[in-house]
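*Asks:* Kindly produce the complete structure, drawing on both the sequences and the hints.
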Amino acid sequence: MGIRLLKLFTTFFKLGLFTIGGGYVMIPLIEREVVDKYRWIEKRDFVDLLAIAQSSPGVLAVNMSIFIGYKLRGVRGSVAAAVGNVLPSVVIILLIALFFNRFREYEVVNNVFMGIRPAVVALIASPVFSVAKSAKIGWTNVWIPVLSALLIVAFGVSPIYIILIAGVGGYLWGRMKGGEA
Amino acid sequence: MSILFELFYTFLKVGLFSFGGGYGMLSVIQGEVVTRHAWLTSAEFTDIVAISQMTPGPIGINSATYVGYTAAMNATGSPAVAVAGSLLASLAVMLPSFVIMLTISRYFMKYSKSNSVEAVFRALRPAVVGLIASAALLLMTVENFGSPTESTMQFVVSVLLFIGAFVATYRFKVSPIVIVIVCGAIGGLFYGLAGGCWWFAGGN
Chain A
1 MGIRLLKLFT
11 TFFKLGLFTI
21 GGGYVMIPLI
31 EREVVDKYRW
41 IEKRDFVDLL
51 AIAQSSPGVL
61 AVNMSIFIGY
71 KLRGVRGSVA
81 AAVGNVLPSV
91 VIILLIALFF
101 NRFREYEVVN
111 NVFMGIRPAV
121 VALIASPVFS
131 VAKSAKIGWT
141 NVWIPVLSAL
151 LIVAFGVSPI
161 YIILIAGVGG
171 YLWGRMKGGE
181 A
Chain B
182 MSILFELFYT
192 FLKVGLFSFG
202 GGYGMLSVIQ
212 GEVVTRHAWL
222 TSAEFTDIVA
232 ISQMTPGPIG
242 INSATYVGYT
252 AAMNATGSPA
262 VAVAGSLLAS
272 LAVMLPSFVI
282 MLTISRYFMK
292 YSKSNSVEAV
302 FRALRPAVVG
312 LIASAALLLM
322 TVENFGSPTE
332 STMQFVVSVL
342 LFIGAFVATY
352 RFKVSPIVIV
362 IVCGAIGGLF
372 YGLAGGCWWF
382 AGGN
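As you go down the protein sequences, you meet chains A and B in turn. Take the first sequence: its letters are residues 1 to 181, numbered as in the working numbering. Take the second sequence: its letters are residues 182 to 385, numbered as in the working numbering.
Hints listed in this document are in silico derivations from the structure and should not be mistaken for laboratory results. Just to be clear, a hint being listed does not mean it is correct.
[Said to hold, decoys possible] One-sided excerpt, in silico: chain B residues whose CB lies under 7 Å from chain A:
| # | residue |
| --- | --- |
| 1 | I242 |
| 2 | I281 |
| 3 | T284 |
| 4 | V301 |
| 5 | R306 |
| 6 | G311 |
| 7 | F326 |
| 8 | F336 |
| 9 | F353 |
[What the hints assert, rightly or not] Non-contacting residues of chain B with respect to chain A, defined by C-beta distances greater than 12 Å in every case (computed):
| # | residue |
| --- | --- |
| 10 | E187 |
| 11 | T257 |
| 12 | A263 |
| 13 | T333 |
| 14 | C364 |
Using N, Cα and C, we set each Cβ at its ideal position, and we do this for glycine too.
*Replies:* Here's what the structure looks like:
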């Protein structure tokens, strides 16, 4: 059964347009459209794809769009799904970028953002604790987040190096343990 | 034109090295865009996060588009180059995803269950927690909170808003959109009134 590229594009365009917030908000909606409504892929496959998309770098919603698009219509399908998915955000943010700097000159806008900024910092601080729970942070590994944050904040180390070191370190540690067993 | 190349290369790195969803990504974007290139101030970066919470789409794409525009605009002053910059940055942040997802789809569908991948993530997940913490800490600046000595009133209000927003999101799971709107309204009213009173009292 061939799913038309245009249908893929418009489906992911709608998903991109109507999910406010981040990628995690979009995942259940993608599932509803792709698994429940259109039955393009099975629930079990969706769960597998999600697990891989989450453990890959990059934007989660984009990773999922590429996966699903590819599964349905190959490389062209992946482009149609991913481009459809991000197009609404790109257009909207571009419009905001074009006009926002002019809005900034208004006192009111400035006041509003003075109230928003501390709240945004709180929104970023809060997942530290919820992600810590799901990453199973305990006494044996709490040094990893503490050292990572310290290196970035106090010594200006790029987060990219932290990712690289953690990835390579975890791999080597796993091999060492595997070798002993 | 070298700004376009810089943008492309920078967001390619962001797309390739950010793990752990939107908040994990923020730290990498901040490291590149605020710390390394100084394309945005920490206040501008915070504003983009706020705008991202209220507009459709993932934060990674939103910030690529906005930073691409702003950085190219500041470097060249040409709106056409700025639009090109925003499109290029958005494309660059997606490109590694294409390469990686398509490669996995074709050859390594089973890789996610292998022991080595599990080992990598045993260290990567805790590191991402540290990354998110660093993003929050690095945004606790005078620009975002006001100065305790020079703008004490703003500082106190900011700390209260921070605590209120933290409790609302962490303890009561209030939606980020609601938090941003409420705190924006409080800021607008409070600083508007405070500015008005000061003005009536004879300041200018």
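*Asks:* A separate judgement is required for each hint: does it hold in the structure or not?
*Replies:* For each hint, the structure was consulted:
no.: 1; hint: I242; verdict: 5 Å, holds
no.: 2; hint: I281; verdict: 5 Å, holds
no.: 3; hint: T284; verdict: 10 Å, violated
no.: 4; hint: V301; verdict: 4 Å, holds
no.: 5; hint: R306; verdict: 4 Å, holds
no.: 6; hint: G311; verdict: 3 Å, holds
no.: 7; hint: F326; verdict: 6 Å, holds
no.: 8; hint: F336; verdict: 10 Å, violated
no.: 9; hint: F353; verdict: 11 Å, violated
no.: 10; hint: E187; verdict: 15 Å, holds
no.: 11; hint: T257; verdict: 14 Å, holds
no.: 12; hint: A263; verdict: 8 Å, violated
no.: 13; hint: T333; verdict: 14 Å, holds
no.: 14; hint: C364; verdict: 4 Å, violated
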